[in-house]
Structures are given as C-alpha cells and as structure tokens.
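Chemist: Build the full structure now, drawing on both the sequences and the hints.
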Amino acid sequence: MPETLYWEDIEVGKTIALGEKRVEKDEIIAFAQEFDPQPFHLDAQAAKGTMIGELIASGWHTNVMLMRMLFDSLLKDSASLGSGGLEEVKWLEAVRPGDVIRGTYTCLESRTSKSRPGIGICRVVCEVINQDDQLVMSCRLSQFFRRRTPDDRQ
Amino acid sequence: MSRFYEDIEPGHKIELGSHKFTRDEIIRFAERFDPQPFHLDEEAAKASLFGGLCASGWHTACIWMRLMVQHEQRLREELVTSGQPAFGYGVSPGFRDLAWPIPVYVGDVITYTIEYLEKRALRSRPGWGLLLHYDEGVNQNGEVVMSMTTNLFVARRED
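Quick note, the sequences are listed as chains V and R, same order. Following this note's numbering, the numbering of the first sequence begins with 1 at its first residue and continues without gaps. Following this note's numbering, the numbering of the second sequence begins with 1001 at its first residue and continues without gaps.
The hints are simulated quantities; they were obtained by calculation from the structure and are not laboratory data. Being a predicted model, the structure only gives us computed values, none of them experimental. No residue lacks a Cβ here, since even glycine has one placed at the ideal position from N, Cα and C. It is possible that part of the hints are untrue.
Facing chain R, according to a computed beta carbon distance under 10 Å, are these residues of chain V, among others [claimed, not checked]:
#1 50
#2 51
#3 58
#4 75
#5 116
Modeler: If you want it as structure tokens, here you go:
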C-alpha cells in the first residue's frame, strides 16, 4: 500500500510534476461530441473559416485532462476531500492533436479549517505546459485534505 | 434573439435547459476524468464530506458547456432559417470564480442559465467583441450548485 498523502505533506512553495499525456485527435473529437460540439473541436475541415481555423481541444477537455493528471500523480493515494471551486482558469494556448502536455502543482498557501478541525485547506496553482514548453492553461483553486494529526498544527 | 455582439444587452438572462444526473453517468464521467472515491463508490461517498455519491464538479460544468453550445446552435439555426447570416462561434480565454457550493447528487435535475454582464469591442481583434457572462446551475430545490463568470469572444456584424 502506498503511503497516504495528508494535508501536512503538501509543502508550500514546492512544485510537484503531474503526469505527461499525449492528446489524441480521436479523444479531442469524442470529448467535443459529448460536451462542446463547436466546429473547431470536432473536425479539421469544419474548423477552417472559423475564428480558430484548425482542430483544437475544448478548454474544458484541457481542464479535465489536468484533473486526471492531478488524480493519477497526487490525489490517488491521498486524503483529498475535494474542492469547492476555482478562483480562475486561463486558456492561453491551443491544445492540438498530438500535443504532449504535462502539469505542475504548486501550493501557494496552507491553513487549517476553523470550523472543521480535522481538515486542512491548500490554495494551489496548477499549470499545463506543452511539448514546446508553452503554458497552455493555468488555474488557481482551493483543495481540502484530511489532516494526519488534527491538533498539532493550528 | 440572435447573438451578434451588437444584439447583446447586459442584464439579459437566458435559461439554457435542464439536465438530470444519473448514477451511471456520474460514475462514467468520474472513471474517465475524476476518479476520486466519492464520485465512484456509494460507500466511500457516504464516509466523505459529501455524504453520498455525487458528480464531479467538472461534470456539472461540462454539462453547462454542452447546453450553452446547444443554445448557440439553436440561435444560429433560427438566423439561417430566416435567411440571415449566422454568427461565427467564438472561443473563450477563460473564466473566474467557479464555485461548487453544494454537491450534485444522483437524480438531481440541474437547470442552467447565463446572464450577460458586460461587453466591449476589441481593437486587437477586428470583427470580435468580448462578452462577460455569469453562469449558474440550480438544482430541483432551488439551490445553486455551480456558478462562474466567463469571458467569451462574440462575432460582430460585418456591416
């Protein structure tokens, strides 16, 4: 059994690498058909003559690919309790078929919950970067984790 | 109404439609994108902060996106049917303040809306404007389950 990651284990200021994923054309299209069926997410030919002019992944697809990388690399063996939302998401560069993306996770601030003594809260910035080292997406969010020892740090 | 930049009136609110979140669909989304135990497993979910199996917040938001695109498709079809030019789809540079104040549980029916907040022309992108809108999902009990504020590029009329 891998060791469970608790709130205390997330170090402020330390950047954790998340995954690496090749984005396939078929999955871009499949995601778009289900959740974001705009022409530039569905078909390279239909994308010509649109604002974008080429097939790119839905920004929401990038979001959930980051979520999956975050789960596989960090949350899988953790005491994560979920998130209440995100302060901001920026889609900065297109994600194209064949791109290889990776993520980073950096805790900006860490505190305990005043109302729930067993819980700690991390304010986090996550980034998605492509194979050319371009920043394609960045976001800031808060995450809840169980504390290993609820009373030794206030 | 059509949805060219010139037609947009701040304060206008639109109901996009409703969606019922089934157990199978919640689990299928979670298996692919967000396999945390409280989105996959009833027992684990009972022991979590949420107290029951609930949809990934990303799932709640992705359904908003789908209903938003379907709304735009209907507007485009209305324009084409009446012999007018249809607006081109614009992308979004992002959003802020995405909140999931309470979970979406199995069987919940979420009704989604958008409200136009403000618009501005863009010198850097002729033919396009930027629209800020407020988006919300509300469950069958009238409780807000999701809200966010989104930026969207919208096409201008070419005259």
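Chemist: For each hint, tell me whether it holds in the structure or not.
Modeler: Status of the hints after comparison with the structure:
Annotation: residue 50 of chain V was flagged as interfacial toward chain R, and the flag holds, the nearest CB pair being 6 Å apart, inside 10 Å. The interface hint given for residue 51 of chain V is met, as the beta carbon of that residue sits about 6 Å from the closest beta carbon of chain R, less than 10 Å. Taking 10 Å as the C-beta cut-off, the interface hint given for residue 58 of chain V holds, the closest approach to chain R being about 7 Å. Here the hint on residue 75 of chain V is kept, as its CB sits about 6 Å from the closest CB of chain R, short of 10 Å.
The interface hint given for residue 116 of chain V is met, as the beta carbon of that residue sits about 8 Å from the closest beta carbon of chain R, less than 10 Å.
Consistency with the previously given hints is maintained throughout, with no hint failing.
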